[in-house]
Amino acid sequence: MDMQNLSRRRFLLAGGATVSLGALVSACGGSSKSGIARVGLAPDPANLPTAEITDVTLLRTATSLEYNAIFVYEAAKDAGYLSGDAAKLASRFQADHKEHAAATASLTEAAGGQAFTDPNPRLQSIYVEPALGLIAESDDPTGDVLALAYALETLAGATYQFYVPMMRDKALRGAAMGIGEQEVRHAATLGAVLNPSRLVSSQGLAVDAKWREEGDASLFYAVPSAFGTLAPVQVTLGPAGSRTTVNLETPSLNSMVYEYLDGE
Amino acid sequence: MPPRRPTPADIELLAFAQQAELAARDLFAAAADSGVGGEHTASVACIAAHHDAASQAISALIGRSAPQARLDSLFVASRNAFLNDDSFAISAWELENTLVATHLSLVSALDGTEGSALVASIVSAEARHAAALAVIAGLSPVSDADAFLTTPADIVALTPEA
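These protein sequence lines are chains A and B, in that order. Be aware that the first sequence starts at 1, since it is given in the working numbering, and climbs by one per residue. Be aware that the second sequence starts at 1001, since it is given in the working numbering, and climbs by one per residue.
Everything labelled a hint here was simulated from the structure, so no lab data went into it. Be a bit skeptical, because a hint or two may be false.
[Stated by the list, open to error] Here's a subset of chain A near chain B, in silico, CB distances under 10 angstroms, partners left out:
(1) Arg38
(2) Lys77
(3) Lys88
(4) Pro165
(5) Ala171
(6) Gly191
(7) Leu248
[Said to hold, decoys possible] Simulated coverage check for chain B against chain A, where a stretch passes if three residues somewhere in it have a Cβ under 8 angstroms from a Cβ of chain A:
(8) 1015-1023
(9) 1029-1042
(10) 1053-1066
(11) 1079-1093
On a predicted model such as this, the values are computed, not experimentally measured, just so you know. Idealized CB from N, CA, C, for every residue including glycine.
Looking at chain A on its own, in the form it has when it is part of the complex (with noise of 0.2 angstroms):
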């Protein structure tokens, strides 16, 4: 409402109804301590607590990651999913997940936390069990769950990078990135193993038309960018006919695993 234009009756008008608002408020409120009116009574919020993101938060939730990890490997193989070189490779990238886990929580507990010994329970809800699920009623669930070892790897070394300028101790953002780094080594290893034909993607860069792909980009290449990425990894999984994309996204802010949340 323009102020030039409000008359004087209806400035008199409009205030006599605010007043009327406030005493019908005022009326309902109760003896509310916080001095604001309220209708009814309802209990009082708990505050929640509050949620800093220190180095042994972004440690503790690293390792929850390896222990994700971890738990998809052992799964694979308990179900069966895997044989030959394929579960070769499996193992050992299972046991280096298992020293980076060793390894994190011991940059936990130098940095004065708590260690952190288990999966990632929100990644695992939503990323890992539905993904399982879905490898579990796949007509290929071998080449799924490459494909979905793949996007967890990619995931991790992109977690460990993510985190490295969130760190506040110098030490600790090369001791992270020297674990992410390998990280992407799995990925790539597991990208060559997928697309043999095409290791590194054109998409996006400056080269000559002949060095360029035809067809559209794979989703699985040893190198896929220039740069380490942070973009949700895709990763599509299940039966024919009813294929699922699922997005995997780096542990922020609702996903990490506070130390708060020790004993809840």
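Starting from the known structure of chain A, fit chain B onto it as the hints suggest.
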């Protein structure tokens, strides 16, 4: 809180990193032009483009402090091996592992978070390069797994004094 922008000490380290990236770009570009890499020459050309992108990203971060010149000692030391089909893949694999080690040491040394984030993203790509080059070298991801998955213990990070 750590600083966001590169400190003067960071700028020196990032300038050195750019020189190393430009040397790698020129080595891979020369290799692709000479046709090494067998069926994977196109991937070799793309790796050259990745190193060029890395050098440009560093330049964007440190501006006029970027040297815009390759680390010539690295280029000269590796050039012949990069132009020979028999030695290319292993030499290139060694170079990528060297760059990973070099940049990892930078991630631990940089104060500014923008620099550490950028170098971490370059490490991610170059670790993948190493695995891809292990394929081109004819190594097996199963029986030669370490060549794909780890930086060899004898790889020495480049330093500005080297």
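To see whether the hints hold, each was checked on the structure:
| no. | hint | result |
| --- | --- | --- |
| 1 | Arg38 | violated, 40 angstroms |
| 2 | Lys77 | violated, 16 angstroms |
| 3 | Lys88 | holds, 5 angstroms |
| 4 | Pro165 | holds, 4 angstroms |
| 5 | Ala171 | holds, 6 angstroms |
| 6 | Gly191 | holds, 8 angstroms |
| 7 | Leu248 | violated, 16 angstroms |
| 8 | 1015-1023 | violated (count 0) |
| 9 | 1029-1042 | holds (count 5) |
| 10 | 1053-1066 | holds (count 3) |
| 11 | 1079-1093 | violated (count 0) |
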